[in-house]
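Count the sequence shown with my numbering and you get residues 1 to 716, in order.
Watch out, some of these pointers could steer you wrong.
Claimed, not checked - Quick list of in silico lysine-lysine cross-link-like pairs, DSS-like style, CA-CA up to 27 Å: (1) Lys239 to Lys709; (2) Lys289 to Lys637; (3) Lys180 to Lys123; (4) Lys61 to Lys503; (5) Lys57 to Lys34; (6) Lys231 to Lys123; (7) Lys496 to Lys441; (8) Lys303 to Lys180; (9) Lys34 to Lys257; (10) Lys548 to Lys562; (11) Lys160 to Lys95; (12) Lys272 to Lys289; (13) Lys303 to Lys403; (14) Lys239 to Lys272; (15) Lys61 to Lys95; (16) Lys441 to Lys403; (17) Lys637 to Lys561; (18) Lys180 to Lys257; (19) Lys34 to Lys303; (20) Lys337 to Lys303; (21) Lys231 to Lys160; (22) Lys552 to Lys441; (23) Lys239 to Lys257; (24) Lys467 to Lys403; (25) Lys562 to Lys61; (26) Lys520 to Lys467.
What the hints assert, rightly or not - If you anchor each label on the Cβ, the simulated ranges turn out as follows: (27) Phe317 to Ser368: 25 to 35 Å; (28) Phe684 to Thr421: 46 to 56 Å; (29) Gly437 to Asp666: 43 to 53 Å; (30) Tyr456 to Leu579: 23 to 33 Å; (31) Thr494 to Ser286: 41 to 51 Å.
It is worth saying that the hints were derived from the structure and are not from the lab.
Where is the CB? At the ideal position from N, CA and C, for every residue including glycine.
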Amino acid sequence: MYFIYAIILLYCFSSNCFAQKNSIDTIHAVYSTKNIIFDGSPNEEIWQSVPAIGNFKQREKVNGAPASQKTEVKIIYTFEEIFIGVFCYDNQPDKIIAKAMNVDFEDEDEDAFELAVDTYLDKRNCYKFIINPLGARTDEQVTDNGNRTNRSWNGVWDTKAVINQDGWFAEIRIPFSTLKFPDKSEQIWGINFRRNLPRLLEEDLWQGWGLNFSIDNIENAGILIGINNIKKSNFAELKPYLIGGTEFNQNSTSFIKNIGLDVNYLITQALKLNVTVNTDFAQVESDVKQINLSQFQITYPEKRDFFLEGLDYFSLFIGNRVYPFYSRRIGLTDDGKPIPVIGGLRLLGKENSTTLGVLVMQTAQSDSIKSSNYSVLSLKQDLLEKSSVQFLLTNQVAGNSFKSSALTYFRYSTSNFLDSTNFTWDLALMQNFASDGFDLKSNFIRSFIALPNDEYFIAASWQRSPKEFAPTIGFQTLTNFQEYYIGAMIHPRTNKYISWLKKYDIILADVSYIINDETKALKLLEMTFSPISLDFETGDNFGFYYVKNIEKVDYTFDFFKKISIDSGLYRDTRYSLSLNSYSGRLISGNFSLRWGQLYGHFGYQYSADLNIRLIDNFQFNFYAEQTWAAMDNDYLKSMRFNSQVEYFINTKLYGSLFSQWNNEDDNIMINFRLNWIPVIGTNFYFIFNQNVSTINPKLNLSQTSIMTKLVWRFLL
1 MYFIYAIILL YCFSSNCFAQ KNSIDTIHAV YSTKNIIFDG SPNEEIWQSV PAIGNFKQRE
61 KVNGAPASQK TEVKIIYTFE EIFIGVFCYD NQPDKIIAKA MNVDFEDEDE DAFELAVDTY
121 LDKRNCYKFI INPLGARTDE QVTDNGNRTN RSWNGVWDTK AVINQDGWFA EIRIPFSTLK
181 FPDKSEQIWG INFRRNLPRL LEEDLWQGWG LNFSIDNIEN AGILIGINNI KKSNFAELKP
241 YLIGGTEFNQ NSTSFIKNIG LDVNYLITQA LKLNVTVNTD FAQVESDVKQ INLSQFQITY
301 PEKRDFFLEG LDYFSLFIGN RVYPFYSRRI GLTDDGKPIP VIGGLRLLGK ENSTTLGVLV
361 MQTAQSDSIK SSNYSVLSLK QDLLEKSSVQ FLLTNQVAGN SFKSSALTYF RYSTSNFLDS
421 TNFTWDLALM QNFASDGFDL KSNFIRSFIA LPNDEYFIAA SWQRSPKEFA PTIGFQTLTN
481 FQEYYIGAMI HPRTNKYISW LKKYDIILAD VSYIINDETK ALKLLEMTFS PISLDFETGD
541 NFGFYYVKNI EKVDYTFDFF KKISIDSGLY RDTRYSLSLN SYSGRLISGN FSLRWGQLYG
601 HFGYQYSADL NIRLIDNFQF NFYAEQTWAA MDNDYLKSMR FNSQVEYFIN TKLYGSLFSQ
661 WNNEDDNIMI NFRLNWIPVI GTNFYFIFNQ NVSTINPKLN LSQTSIMTKL VWRFLL
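Produce the complete structure using the sequences and hints provided.
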């Protein structure tokens, strides 16, 4: 139940804060009325008086051993924001790995410090803030005790860092308006810290360093106390945007201009309203085009800002066959072309153990596609220590007709199964109904159990989606099916006996048996086994896999270059090798080779991924993939190449050049994005898009667009 509380401003300063001490699992925040010099060096007088925690232990490399490098954390807060002082001492500071300066950098490749905050102390959900020694930052929201993450969430916060002869040090500043928390005078939060040292392959945590857990398992966090009577006021944020540019086609030139507005209003500390008008996503990165060599549909990730915040409220993962809510159904055609979005609103919040999410969007008519209204309601109730039940309602209205889906999702989770084992059980029930009638057969059900642990993983599931079922604003990779799945994998740690080997991974069984729901005839039997997969102490990995597919094709279908696959039963055997080097190196890469049968015809596929970070402020990635097979009357030879170059002037100004080509579209797509952040929350983008047709030997510039977008943030 949600209530809108009257906002009472309280101010109180406790003079004995500085006398408080931290216990082994508790950190005390100290209140300050003094201005804090935000320069990345937490060494002024105010920081000297604050007690520090420093009892970090290794999760990796030697589980439970004291951290090899000293780490300390201190916390100060004011009436409006919280400051975290980070002290990452290092006896070899010249070997610190720090190259990235962009937002949402890959933190596993760099020296990094991570902060997880559970503001509701519900031991299930948290905010994560991650920084590196150059002051790069990334953030994410974690739900269901680490089972789901939304890495695309972008909060308003900042950090500064310095490297010196003692290591690297940083200050993190988070406005309380960025967080949602209980409307109480005394705040008690869950909190945990993690330090990544890639050159040592070491991962240090303050709390919860057991191998069965990670920092995402916020139930194992420590406690943050001392925050009292912080600012609770109605918070309004205006973010107008302005777009201008030009698009050149072969026979025409058009001007691009648009204006819109996002409004964020904090009704209470726990309940936030977002309103968007004339929404535009011109600055969004291009999709990485995939070549589909199967009869099943594929999905693409969401990249649009408005849909990304709060995505974890609505996007339930109930397996990789059926997605109850697929946000790309709103404002995009099936082939990824934009449909104008008139506007929408979103309401997100949590009160006690109840979480509410509401999303409403209105799209305009586009060619033959009708103007439609989309709405999603999510209501989640926490149960027991880590369990929950969630109700999700999706609805689409176009003209005088509507269609809806209602999902009930129950999740039981515990870390105390058989004393110390992780155990989960998920049950999902979904029903369709529409303006043209109610069909009881139009429903979906899935049950899933798992024992997800460090040294073994065991899982089994059953799901059914009859031909009458289709999730509203959702997605299915296949229809009219029942699936039986079982998985059993063991990961014994061998570094106690073999110094150079960390783990030996074996896939005993990974079997998916799918039948036609009507006829009960086989649709797909997919079996994967791996007798050997080695995780080396160097961070590298080698694996060998055996895959057996028995697949029924009911109707002739075309895939790459209109190559036809006839109906029939195909028994394919495939093998694969993979080599993955440790991503923390300045030069790293991955290579895989697969060979065997593709719909009864021999073929092979290779893929190679190269990452280079040798030069300061510069990163380069190149990916290549090729598939070849001798079909009945033709040769299949698909190729795709992607490359990305990123250059960082500083943490507030950087650019990226992304290009891709594949011989299915015969088109080179080039996307250049320059992002300038004058102040946190405000963004200026310069975007250049170029399409080059390669159908003919002579390259043809098929479409060019140049545009700028300014998003400015105002606080009221």
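Agreement of Lys61 and Lys503 with the hint, judged by alpha carbon distance not exceeding 27 Å: Between Lys61 and Lys503 the Cα gap is close to 12 Å, so the pair holds against 27 Å.
Straight-line alpha-carbon gap Lys61 to Lys95, limit 27 Å: holds, 18 Å
Straight-line alpha-carbon gap Lys180 to Lys257, limit 27 Å: Violated - the C-alpha atoms of Lys257 and Lys180 are around 35 Å apart, more than 27 Å.
Distance restraint between Lys180 and Lys123, which requires alpha-carbon spacing of 27 Å or less: holds, 15 Å
Pairwise hint evaluation, Lys160 against Lys231, where the allowed Cα distance is 27 Å at most: holds, 24 Å
Holds or violated: Lys520 to Lys467, with C-alpha atoms at most 27 Å apart: holds, 13 Å
Straight-line alpha-carbon gap Lys467 to Lys403, limit 27 Å: With a Cα-Cα distance of about 16 Å, the restraint between Lys467 and Lys403 holds, given a limit of 27 Å.
Pair hint outcome, Lys239 versus Lys257 [Cα-Cα no greater than 27 Å]: Holds: Lys239 and Lys257 sit about 17 Å apart, inside 27 Å.
Agreement of Lys239 and Lys272 with the hint, judged by alpha carbon distance not exceeding 27 Å: Holds. Lys239 to Lys272 sits at ~15 Å (cutoff 27 Å).
Satisfaction of hint between Lys180 and Lys303, Cα-Cα up to 27 Å: Satisfied, since the Cα-Cα distance of roughly 23 Å is no more than 27 Å.
Hinted pair Lys303 and Lys403, Cα distance within 27 Å: Status holds; Cα separation ~26 Å.
Pairwise hint evaluation, Lys441 against Lys552, where the allowed Cα distance is 27 Å at most: Holds: Lys552 and Lys441 sit about 24 Å apart, inside 27 Å.
When held up to the earlier numbered hints, the structure conflicts with 5, 7, 9, 12, 18, 19, 25 and fits the remainder.
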